[in-house]
Amino acid sequence: MSIRSLHRLVSAAGLAFSVAAVDSIAASYDGFRWFQVEVSIFTNDYPDYRDAELWSPQRLELGYPPQAIEFRRMADFFRIENFAERVSGTPTEEQIGDVNSQQAEQQTGDLNPQQTEEPPPTAVDPVGPFPLSSTPGLRLPDLDRESFMLLPAANSDFQTTNTRLDSSPFNRLLFHGVWRQPVVQPEDASPLIVRGGRQYGLHHELEGTLTIRFNPNEDRVVIDTNLWLTEFSNASSGAAEWELPLPPGFMPDDVSPDTQADIPAAVGISRIVQMQQSRDMRSTEFHYLDHPAMGVVVTVLPYELPPPRSPDSFDTEEPPQPDL
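The opening position of the sequence shown corresponds to residue 1 in the numbering used here, with each subsequent residue numbered one higher.
Please keep in mind that the hints were generated in silico from the structure rather than gathered at the bench. One thing to keep in mind: the hints can contain errors.
[To be verified] Label pairs and their computed distance ranges (CB to CB): (1) 169 / 36: 27 to 37 Å; (2) 195 / 280: 40 to 50 Å; (3) 231 / 280: 24 to 34 Å; (4) 280 / 245: 23 to 33 Å; (5) 310 / 156: 25 to 35 Å; (6) 290 / 169: 10 to 20 Å; (7) 157 / 59: 27 to 37 Å; (8) 231 / 143: 35 to 45 Å; (9) 310 / 78: 21 to 31 Å; (10) 277 / 164: 15 to 25 Å.
Ideal Cβ placement from N, Cα and C applies to all residues, glycine included.
With the hints as extra help, turn the sequences into a complete structure.
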């Protein structure tokens, strides 16, 4: 697919949407204006186009803002180590610490001679067996209301676009995501951490952040990209010139030993290219951000946040399945 063909693909995809003014979109019941965002990031592997610029380590400004956050994923919800935090009656370490503190305070109070009243009797916990229940303490995420949760493929409008990108000899899809979020002013916006492409050690080919926010007049949604694409190599020559940051709060222990065994180690880095752009967008339009080494296509669609649902409404539904 040539550059001209890629532009035609992006333009044609945009015809499927109607234009809507962002400032005409009413706020949801929570007071925020919500949008469904869809983004695809891909490589531009045209040699003449990509090598037209000189990429130097001294020109890079790589880094994550301290307020950057991770996307939420259904697969993370079903991880065993997170399960205890989501089921009532299963104490977390923090809850255990609170109980110990309360017990210590009670013991200190027992030493006070002025206390003469006996404590009220303690209720005895019931003894099983118990009938089967719907486990009211277990809360499955409500995909219609969760912010920054990557949604299943059924919510995507980019499937045709992504297929054509992947079938091109000059493009390779690195990241695709669909999520919903409230859009706010820049000072309140949360940059979203992006990873994509092949993984080498603790890093991926594509890393960086995307920020979705309003412009000052709140009549346009703005996307800010701070992305970098790394070319890893087996040679360590020149690797010391290039340095890659890690996201805030990331620890090497976050990658399990089983996962590490399947990840090739990165011996060296031959080149890093960075994409820092901002684009004002009309709601429902299909936007294309161009760069010599990569491209970004994005849409923002108005979304009306539904009110909270009663817990009983979840008992009759099948739980959502994660995209693995």
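Here is what the structure says about each hint:
1. For the hinted restraint 27 to 37 Å between residue 169 and residue 36, the CB-CB distance of approximately 32 Å keeps it satisfied.
2. Taken as a hint, the range 40 to 50 Å is violated for the pair residue 195 and residue 280, whose Cβ atoms sit roughly 26 Å apart.
3. In this structure, residue 231 and residue 280 meet the distance hint of 24 to 34 Å, their C-beta atoms being roughly 31 Å apart.
4. Range check, residue 280 to residue 245: Cβ separation about 28 Å, and the 23 to 33 Å hint holds.
5. For the hinted restraint 25 to 35 Å between residue 310 and residue 156, the CB-CB distance of approximately 29 Å keeps it satisfied.
6. In this structure, residue 290 and residue 169 meet the distance hint of 10 to 20 Å, their C-beta atoms being roughly 19 Å apart.
7. Between residue 157 and residue 59 the beta carbons are some 35 Å apart, a value that agrees with the proposed interval 27 to 37 Å.
8. Taken as a hint, the range 35 to 45 Å holds for the pair residue 231 and residue 143, whose Cβ atoms sit roughly 36 Å apart.
9. In this structure the supplied range 21 to 31 Å holds for residue 310 paired with residue 78, their Cβ-Cβ distance being about 23 Å.
10. For residue 277 and residue 164, the Cβ-Cβ distance of about 23 Å falls inside the hinted range of 15 to 25 Å, so the restraint holds.
When each numbered hint is compared with the structure, a violation occurs for hint 2 only.
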